[in-house]
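*Asks:* Line by line, the protein sequences give chains Y and R.
With the working numbering applied, the first sequence closes on residue 145, and no number is skipped along the way.
With the working numbering applied, the second sequence closes on residue 1872, and no number is skipped along the way.
Because the hints were derived from the structure by calculation, they are not lab data.
Think of the CB as a built atom: it goes at the ideal place given N, C-alpha and C, for glycine as much as any other residue.
Any given hint might turn out to be false.
Claimed, not checked - Below, computed lysine-lysine pairings styled on BS3-like, alpha-carbon distance capped at 25 Å: (1) R:K1652 / Y:K3; (2) R:K1457 / Y:K3; (3) R:K1429 / Y:K120; (4) R:K1539 / Y:K120; (5) Y:K120 / Y:K110; (6) Y:K2 / R:K1301; (7) Y:K2 / R:K1363; (8) R:K1652 / Y:K2; (9) Y:K2 / R:K1295; (10) Y:K120 / Y:K87; (11) R:K1363 / R:K1301; (12) Y:K110 / R:K1429; (13) R:K1652 / R:K1539.
Stated by the list, open to error - Some chain Y residues close to chain R (C-beta under 8 Å, calculated; not the full set): (14) V11; (15) Y29; (16) N73.
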Amino acid sequence: MKKIHILGLVVIAIAVGIIISTAGDASTYVTFGEAETMAAKGNNSSIHVVGQLTKNEEGEITNMIYRPEVDPNHFEFSLVDNAGVEKKVVYPAPKPQDFDKSEQVVVIGKMEDGYFFAEKILLKCPSKYENDKLEIKEYSSKPAA
Amino acid sequence: MYHLAVGKFGHLFVIIAFVSALVATYGYVKSELSASLGGERSYWKKTARTFFFIHAGAVLGVVFCLYWIILNHYFEYNYAWSNSSRSMPTGYVISSFWQNSEGSFLLWIFWNMLLGLTLIVTTKSWEGPVMAVFAMVQAFLMSMILGVIIPGIDLKIGSTPFLLLREAMPDLAVWKMQPDFVPADGNGLNPLLQNYWMVIHPPTLFLGFAATLIPFSFAIAGLWLKRTNDWIRPALPWTLFAALVLGLGILMGGYWAYETLNFGGYWNWDPVENTSFVPWVLLIAAIHTMIISGKNATALKSSYILAITAFLLVLYSTFMTKSGILGDASVHSFTDLGLSGQLLIYMFTFIIVAIGLLVYRWKSLPSDEEEVSTYSREFWIFIGATVLCLSSFQILATTSIPVYNKIGEVFGMAWNLALPTDQIAHYNKFQLWFYIVVALLTGVGQYFWWKRVGKGKFEALYLPLVITFIISSIWIYLGQLKELSYILLLTAAIFAVVTNGSILVGIIRGNYRLSGGAITHIGVALMLIGILFSSGYSKVISLNNSGLMISRSESFTANDNKENRENVMLWFNKPERMGNYQLTWKDIRIEARGIREYIPVSWVEMIEKDFRAVALRDITVDEKTYYSKGDTLKIYPDNFYYEIEYRDPAGKLFTLFPRIQVNPAMGGANGVVFSPGIRREPDRDMYTYIQMSMDPTAEPQWSATELHTVAMRDTFFLNDYVAVLDNVVRTDDVDGVPLKDGDAAVKAIIRIMDRGQEYVMNPAFIIRDNTIGRKAETNKALGLRIQFNEIDPKTGLFTFGVNATQRDYIVMKAIEKPLINILWIGTFVLMIGFVVSAVRRYRDFVKKRDREERDEIRVKIGNRSPISEPLG
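So that you can see chain Y by itself, here it is in the shape it has in the complex:
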């Protein structure tokens, strides 16, 4: 066997390893129900849940708690997923500034005992440029590199 063939095999092996590992790291979009099932089975991986905020007749967001004077790193709100299930979401970071204006929210994290612990929040807000277009903003409790 020539060296180039050995090298080729090594490259293929690494590439396959990358694909398998990527598939393992990839997250999925689920509902709260599925998230609970996953958590119950001990599956601790992070997931994406898409949902709407709970709002009253005036269009104000309800069940939202942020009291920076008590704890600036604790923010709570309710989210109704696409299956209509409502859950409390806890985000261990300051409330995203645009939160009040957002319509659809994607929370990324995992189900804990009775609530969803979000590491990241993606907000979809009406864009300021085009009224019919949505803009997406990402917030994370941890900073980037």
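With chain Y fixed as given, assemble chain R onto it according to the hints.
*Replies:* Below, chain R alone, put in the same frame as chain Y:
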């Protein structure tokens, strides 16, 4: 007034540029196909060239027309209205040009056109096939901004930048009442992009994208003409140029993100960043295989594959960012112009043509007679290129997740795949190891390249290894590094600096022109060290130790309780401890045009929906009075700078200005961006940004008036604070109210105790011509407004009206980033290295080209007078 002519001309130029690019493509293809017929060939070449010149002129015309519209504020055009406004300074007006997709395509077309002209002049014998590819790409790009609807089948081709507002938004009610309505002002450029980096970053990046077409075209030309080896020499300097410019563009984007966004970093592994980074890495790999392709056929084949793939990935990147496929995967917002289909055709045309040609010619490419030796430089450089390819494959595999979903949808499957939740950790996990290997290979490869080591002689490597281990152990010991992968990366990077440094010293003594490789490698190693420390060892210093933390949800504390307490809250004007520092939020400031320092927002009254403000007092900065009270001054109305004063343990003071950007002129929705305030020190940056604040433009919401009637020296409670009426005294000076003769004024002296701090407020009570005037005083730090309501001479009691509001606060984060300057220094070194290499390879190419020309002439004139050749 409608200025229809300029738009019509612009559109006409677009069509001319499109058609002329098509004709030029045909002409160049024809000139090569009819190569055997001498006369025909030069006729077609001349025709094609003429049409490319026409194309170039038309492109300039398009650019001119669009600029004319933007610079003259013709807001009847959608492009001007969407992307510019009267308030913008010229620099930003220039950058509003490439704000939308149409403009960025145009920017790309513009660069391609300039590069094409350069190639016509310089490439000589390669002109035909290379320019055929160029003209074809130009035709595809022009079609993106064509804006033509094919009648009958209602097929829209391209999206024109010369659309009128009434054509772009035909549903607005205003057109019925006033068909020739022109908005008075435009929407303006996204304030986030109003930054000098955004003036130079996109053009640089697009020049980089455009330049990747050159190695691609030469590779295609090489296959087409069966000049399988020859194409490398002219292509190599351009590949280096492309890598230089694209790298510079990417790094500028990273630096802009570091300075402007609150991601907290310079690199976020965002799909948009990734899809520009991957072609760059492949260009680097291509450079390496091209350098050794003369000696090694495998490397030559790889050069074909890499040069082609790099460009195809630029197309893939364009498709990803402009088709809207990324959807919720990216923080960048993309608008789908309905060009997805067109972009797919563009991409697949080139994939099929390029790969088809490569497969067709594969058999005719040379093969290696014998195995490459493990002790040859070719082997090690090839391994390096392979590692770079694997690294980019990993990035691409993950970034393409949204694409897999779309493909699944086509086959009727809902995969619901999402990107990894912690993308940064996901990519770093792989890339760290790839770059440890890359760093090691730069050193080993260079030693093999310069023949310092070879089969059976590795002594030359001993000394650098010893030096590396000494430096690395001292560093690990002093820095108390514990993470194994970080230790390995640091050691590998130090090894790269030492070995390449030693090579560099050796070369400079000889011919400095050859030093490009060693310099770029040192730059990369320095960047790796800078990245390792600034992100691997970044430290949050804004730990919340106010003691106010209440564990309201027991399970919450169980998780990474400590890690999540990473933001501090600051009340206005109230000192707070953060790590070793004492912080005080002193004020909110704004940026006035023409004044170097930020001025307090309270000095001016901002005019709503305007970029001007009225001075409420003389504006004096550094003893120079810029404006007098009542003057109107120009400001940047979106930006608010929060003045945070830091006192370090030694008592030294410094101030940082993290920024909040709001945009009231745009209806407010979604208009808040936080930018950091950075304290730069030689060995570290302190990076601070606001996470949460009250709206700086909103008027305070006052509570209902509460009346307090007290006697002198009484203690009373104001909104949780203890207050004492110390005295009521006569005064001749009431702020904001000029007193006249005969006026009588008193002011109360009310002392208010907050935790550890005392404030004095002086509401005034004025009697003028038997009427009573009251001058309330507001204290922002306390969130109180006190008005002196009544004096009762009989009882000696005073009545005060008190309103309270939410005290102003901000929630802030501060991160320390060690050795980040090494990263920036590394980028400079890298760029210098690219320049040196590109210059060297270009000189090689010119020498060879001119020699060939002389040979040709010699052949023609029958070799009568041999010309002595300067070899080099």
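*Asks:* Keeping to a limit of 25 Å between CA atoms, is the pair of R:K1652 and Y:K3 held or broken?
*Replies:* Measuring from Cα to Cα gives roughly 63 Å; hence the hint is violated.
*Asks:* Decide if the proposed pair is consistent with the structure: Y:K120 and Y:K87, CA atoms, cutoff 25 Å inclusive.
*Replies:* Satisfied, since the Cα-Cα distance of roughly 16 Å is no more than 25 Å.
*Asks:* Decide if the proposed pair is consistent with the structure: Y:K2 and R:K1295, CA atoms, cutoff 25 Å inclusive.
*Replies:* Status holds; Cα separation ~18 Å.
*Asks:* Using 8 Å as the Cβ threshold, decide whether Y:V11 counts as touching chain R.
*Replies:* Since the shortest Cβ distance to chain R is 6 Å, the answer is holds.
*Asks:* Holds or violated: are the alpha carbons of Y:K2 and R:K1301 at most 25 Å from each other?
*Replies:* With Cα atoms ~17 Å apart, Y:K2 and R:K1301 stay inside 25 Å; holds.
*Asks:* Can you confirm whether the C-alpha distance between Y:K2 and R:K1363 stays at or below 25 Å?
*Replies:* holds, 20 Å
*Asks:* Just to be careful, I want the Cα atoms of R:K1457 and Y:K3 compared with a cutoff of 25 Å; is the pair within it?
*Replies:* holds, 21 Å
*Asks:* May I ask you to test the interface hint for Y:Y29 with respect to chain R, counting a Cβ-Cβ separation under 8 Å as satisfied?
*Replies:* holds, 4 Å
*Asks:* When you check the alpha-carbon spacing of R:K1363 and R:K1301, does it fall within 25 Å?
*Replies:* holds, 11 Å
*Asks:* Taking only the CA atoms, is the gap from R:K1429 to Y:K120 under or equal to 25 Å?
*Replies:* Status holds; Cα separation ~20 Å.
*Asks:* Would the hint on Y:N73 be counted as holding, given a Cβ-Cβ threshold of 8 Å to chain R?
*Replies:* Given a least distance of 5 Å, the restraint on Y:N73 holds.
*Asks:* For the pair supplied as a hint, Y:K120 and Y:K110, is the alpha-carbon distance within the 25 Å limit?
*Replies:* holds, 10 Å
When the structure is compared with the earlier hints, violations turn up for hints 1, 8 and for no others.
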